[in-house]
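Going line by line, the protein sequences match chains A and B.
Counting the first sequence from 1 gives a position; our numbering is that position plus 5.
Counting the second sequence from 1 gives a position; our numbering is that position plus 5.
No wet-lab data here; the hints were simulated from the structure.
Be aware that a few hints might be false.
Copies of one chain are not kept apart here, so a pair can be met inside one copy or by any two copies together.
With a Cα cut of at most 16 Å, we get these calculated EDC-like pairs of lysine to aspartate or glutamate [as the list claims (entries may be wrong)]:
| hint | residue 1 | residue 2 |
| --- | --- | --- |
| 1 | Lys83 | Asp54 |
| 2 | Lys229 | Asp200 |
| 3 | Lys83 | Glu63 |
| 4 | Lys18 | Glu184 |
| 5 | Lys84 | Asp167 |
| 6 | Lys179 | Glu192 |
Protein chains: 2
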Amino acid sequence: MGFIRKILITRSKKDELFYRELKSILGFRPVNLNIYKKAFTHRSVKNTDKAGNPQNYERLEFLGDALLGAIIASYLFKKAPSGNEGYLTQMRSKIVSREHLNELGRDLNLIKFVTSNIAKSKFGENINGNVFEALIGAIYSDLGYAYCNKFVYKQVIKPHVDIPKLEGKITSYKSLFIEWCQKEKKEFIFDVYDDTGNSSIRYFSVKLILEDKIISKGRATSKKKAEEIAAKRAYYAFQNEISKNK
Amino acid sequence: MGFIRKILITRSKKDELFYRELKSILGFRPVNLNIYKKAFTHRSVKNTDKAGNPQNYERLEFLGDALLGAIIASYLFKKAPSGNEGYLTQMRSKIVSREHLNELGRDLNLIKFVTSNIAKSKFGENINGNVFEALIGAIYSDLGYAYCNKFVYKQVIKPHVDIPKLEGKITSYKSLFIEWCQKEKKEFIFDVYDDTGNSSIRYFSVKLILEDKIISKGRATSKKKAEEIAAKRAYYAFQNEISKNK
C-alpha cells in the first residue's frame, strides 16, 4: 500500500514527440507505439517484419473499418430505439461514408504522421480516411474494445453524429438560427477569430452574440464548422422558442 | 468478508426453461431475458414497447451482424499476419456468408425459440441466420463486447473457422486422410453412432479407428461433419506423416 512505482520508458526524441501528439489525439496513453507507426506507414514503404509480413496500414485499416462499423451500430441501436433495420443501416452509411472519414482524418491532420516513399502531394483524398480507420484499428489492437469505443465516441460520435441532421430534418443549425432571429427581429453576430494557439492544427473559434449577450461558443478546424457548432448549441438552448417558429 | 449473497430470481416455469436452454447455448448466464426473447420474435408478432417501438429481432440482427463482422475481423487480423486487406476481406466474407450463418443457426436449433404469427413452415432458410445474428446482438446488448466475443469464439470460430480450409488449400480432411491410408496401405474405420443423449438437438459421434486403435473422435449435428472433425484431428496429430504424402 501507498507507494508509487514509476516505470521509466526511454524513447528517442522523435518517439517522445510522436507519443505526446498521439496521446493528445487519443485522449489516453498509447502503449505499443509500433502499432501506431504501422497505422501511419504507406504501402510504398517496403518494410517487413522478421517473418516477411508487410508493415503498412492496410491491415489495420481493415480492422478499424470493422470496429468502427460495430461501434456506430451499437450507438445507433441505443440512440434510435424507433429506427428499424433499414433506418439504422442508412444512418450508419452516412456516418462512415468515405467523404466523412476523409474529413475526420483531415481534421486531425493525421497525414503529418504518414511515412511514405512517394510525395505526399501524390496521395489522393482517401489517405485521410484510410489512416483514420487504421488508427482505430491500432487502438483496438493496442488497448482493446473499450478504448477503441472511447476514441470513436470522442472523435466521431460526439462532434459529428447528429441524428436529426443525418435524417435530413435539419441541414444547417446556422440557417435555422438566422431565420428565427430575422423573424423575431433580434440582432445577432457570429464573431469568428483564429484560435490555433499552440496546436499543430489550425483552429477557429466563434462567439455567437444575441442582443449584446454571448449565448454560445464553438471551436473547430474551419470557420463554417465553428459557426455550426455555436448555432447548434444556441439551438438546443433556445429550442422551445425556435421550434415555435417552424 | 466471507459471506455469500444469493439473489433469488423468480421466473415463470416457461422462462426458467428458456433461461436454462439459453445458458447451455451461450456457455454463460444471460441476465436480461427480455432482450433474448426479442431476438427470437418474428416481425409478424406485432408487439411494441410503451413508446410504440416494434419488438422483433430485426434491430438486434443489425447489431449482431456488425459485432460479428468486427470479432471475425479481429480474429483474422491476429491469425493471418501475412494476409493483406484483400485476403482478410475475402476470408471474412466466407465465414459470415448467408449460407454459413444459416447453418450455424440451424445447428443450434434456434428456430425452436422463435415466436411468430405465421406458420414456421413458411419461414425461408434465412430465418436461421437472422436469429443467429440477432442472438449475437442480444448478447452484446445484455452483457457487452467481451461476452459477445466469447460466444462467437465458442460457436463460430472454434468449430467452424479453419483457415487452410477457407483458403481452399484443404477442401476435406476426410479425403486427405483416406488418400494417405490408401497410399500407406493402412486400414481405417469411421465408426459413426447416434449420440443425441438428453440434448434437444440430434447429434452424431464418430470414432476414427486406424489399425485397430482409436486415434480421434468427433461429434456434430451431422454424420459428415462429425467425420470431418475426427479426420481433421487425426490430420493434425499425424500431420508430418500425412503431409509427406502430398
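Verification of the hints:
no.: 1; hint: Lys83 / Asp54; verdict: between (41 Å within a copy, 14 Å between copies)
no.: 2; hint: Lys229 / Asp200; verdict: within (14 Å within a copy, 68 Å between copies)
no.: 3; hint: Lys83 / Glu63; verdict: between (31 Å within a copy, 14 Å between copies)
no.: 4; hint: Lys18 / Glu184; verdict: neither (53 Å within a copy, 60 Å between copies)
no.: 5; hint: Lys84 / Asp167; verdict: within (10 Å within a copy, 37 Å between copies)
no.: 6; hint: Lys179 / Glu192; verdict: within (14 Å within a copy, 81 Å between copies)
Consistency note: the structure conflicts with earlier hint 4 alone.
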